[in-house]
Amino acid sequence: MADFPIDKIQISGATLASLLHRCSSSSGDIHGYLFGLTTLSTPNPLSDHPTTTTSTTPTTLLTASITSFLSLPSHFPLPPPPPPSTSAVLLGWFSSRRKTPLRPSLKDSTTALSLSTTPSLFLLLTTPFQDQLIHTHEYKAFQCKGITFEPKTINIVNLGPSFRSQYDSFSPNVAFPMMDCELRGSNSMVEDENGENLANKKRNLKDQKQLDMCADGFEVGRLSKLMGSESAYTGELEDLYDKMLGKIDGLSKLVEQTNSKVLEQENHNMRLRYKVAGLE
Amino acid sequence: MAIDTVPPLIAAQLNYLVSHCPFSVKVEQMWSGCKNPNLLDRFTLVIPYCLDFIRWDVIFNAVYPLAAPDVIFGPEDESFQPYDAGSEKFDKNSLVNWNSKDPTRLLSLISELRDAYIAYQSRRIGKVNDDRLTFEVSTMLTRQGIEMYMNSVNDKPEEVKFAVPLLDMDLNKLVAGSTWRHQQKIYLQVIYPVGKKSPAPRLKLVSAAELRAFFSIEEFKLPPWMDGMCMAEYLPTLEEMLGFQIKDAVSSIETRRKFIMALEPLFGRPVEADPVFCRRATFLASSGVFTFLVHFSISLQFPKQQPAFLLQSSQHFNSQGAPIKSSNLTEYPWSPRWEASQMAGRIFEFLADECLNFKKYCNQLNQQ
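Listed in order, the protein sequences are those of chains A and B. The numbering of the first sequence is our numbering, which starts it at 1 and goes up by one. The numbering of the second sequence is our numbering, which starts it at 281 and goes up by one.
You may find that some hints are simply not true.
Said to hold, decoys possible - Here are the simulated BS3-like pairs of lysine-lysine, each with C-alpha atoms no more than 25 Å apart in a straight line:
1. B:Lys-436 - A:Lys-145
2. B:Lys-453 - A:Lys-140
3. B:Lys-453 - B:Lys-465
4. A:Lys-145 - B:Lys-407
5. B:Lys-484 - A:Lys-275
6. B:Lys-381 - A:Lys-145
7. A:Lys-99 - B:Lys-306
8. B:Lys-465 - B:Lys-441
9. A:Lys-275 - B:Lys-381
10. B:Lys-436 - A:Lys-152
11. A:Lys-261 - B:Lys-372
12. A:Lys-99 - B:Lys-315
Hint data in this document are derived by calculation from the structure and do not stem from the laboratory.
All chains should be modelled from the sequences, with the hints used to inform the complete structure.
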């Protein structure tokens, strides 16, 4: 995709906000990788208007949507690009610098060359020279072609009717785990042997583990009830959602705790760094 | 309020650059990219290039001063890519293995980038589709140290500037005892319009301001540019003429020195004198009990142009407490054909009368 021209770049409001927050909360300049999805679409050139139909030929548009990122302080070199995963593809990289002109730097161009085998989207973020209350950041997207940075427009995806297609093409980052869920009727063979029982138990345990990753304390056995009568189904499903939300809640609490530990450590590191830099 | 500080490791790099750079680098502004706005870690360097200046932003990180800096070039140079992939410079440039403890690193980075910039500009100019220009460039390339710059308007080349260093002589050594910090050079600025039918270049001599104490390029008349001429023909004639005039300028230092020395037997040793270019000398003189200073200033056209001098009383002061001075005296008996001793003698005679007028003038001012 490195030599594929990107036609459209999209980033969700939430991802951009999270990226800007990371930039402004970090002690110095940062850079990192951008992940997301690429979609190919063939816009329909046919129109009701008689004049437009003849001239246009259908072309394929490549849209890159940034959904997540990975960041580290700029004084560390970018690590080798992570291996491709199923949930998000590597789209490119970003660089954030406080109070600098909104132009690619020497380091950006050497990075572009060293990453020449990876995707070529580049997002540059800076802050204005004068601190401002509202307009706190500036950003510009580029596609790297060899040694040139070609400016690209970037769309911010927010809630609203103009972004309906976003929801149509939604695909979850983490899918609900696949697991066999047999209907175990009362007439099932009684001659279940011990060995088979053990295998069942093992599989149950494994399934439970997988389910525990998504929901907080929902027994695997209850999943089969989701296929029962309508009233039971609704109740069970609501409970499953509750447990899933509970899981997310628990995770975010953990993140909060570790974040405060990281912050504590960072402050400590900062004091040490000031010492090394001779600023005390 | 905290005082703005430059982290010591960054300050060491910057100080070394400014004091040791062979071309005169200036820092235009410094600011902070940190959460603590008093730590200054980014600055704009003004770097002389092709008789003009380029501005580069150097981005350090106060909190991580051990890390190598980043550089952002001017808005018109976005395609400037100093380290091409695969080239030797890509793996072995000044940013690789940056050592913040070695204060010479920023200087080597900036000079390496400036060299790359010279190559970049000449590559750009090489691509301009203008036969005349291509021809001129090819004939001039044998000369050392030429810098070029292309001005574009809306991505279209508009004109190409050349800075051609003239005369293969070391002016700093030619002038005995000169205290010039940078290597002095006289340049011919050549500006070629791109894609015009009659490509007569615009020509101008340029030198550093410091050189003016020794040689005035403003008074040098450039040889005329003939139709159908090329730089390869023009430059030797120009250099020959300029070479003669530089030699004259060197020998005129000696003429001025002899004149100052001829004043000595009459006025006594000078209180102060410019020993390098011999453009100024001050003597202490007296007439009876009236003592005064005589300030001589000697032009580059000496002896064709007579020296100017003014008198300054050692005994009379104005209401602000500053010593009273005469106006500049330039009208007195003079001939450029006189021997130095005769020049000095005539000035001394003239002053013997003039100082009485000056004393009267001082007394009058003080009585008011």
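Here's how the hints hold up against the structure:
no. : hint                  : verdict
1   : B:Lys-436 - A:Lys-145 : holds (21 Å)
2   : B:Lys-453 - A:Lys-140 : violated (52 Å)
3   : B:Lys-453 - B:Lys-465 : holds (12 Å)
4   : A:Lys-145 - B:Lys-407 : holds (20 Å)
5   : B:Lys-484 - A:Lys-275 : violated (54 Å)
6   : B:Lys-381 - A:Lys-145 : violated (36 Å)
7   : A:Lys-99 - B:Lys-306  : holds (20 Å)
8   : B:Lys-465 - B:Lys-441 : holds (18 Å)
9   : A:Lys-275 - B:Lys-381 : holds (15 Å)
10  : B:Lys-436 - A:Lys-152 : holds (22 Å)
11  : A:Lys-261 - B:Lys-372 : violated (40 Å)
12  : A:Lys-99 - B:Lys-315  : holds (11 Å)
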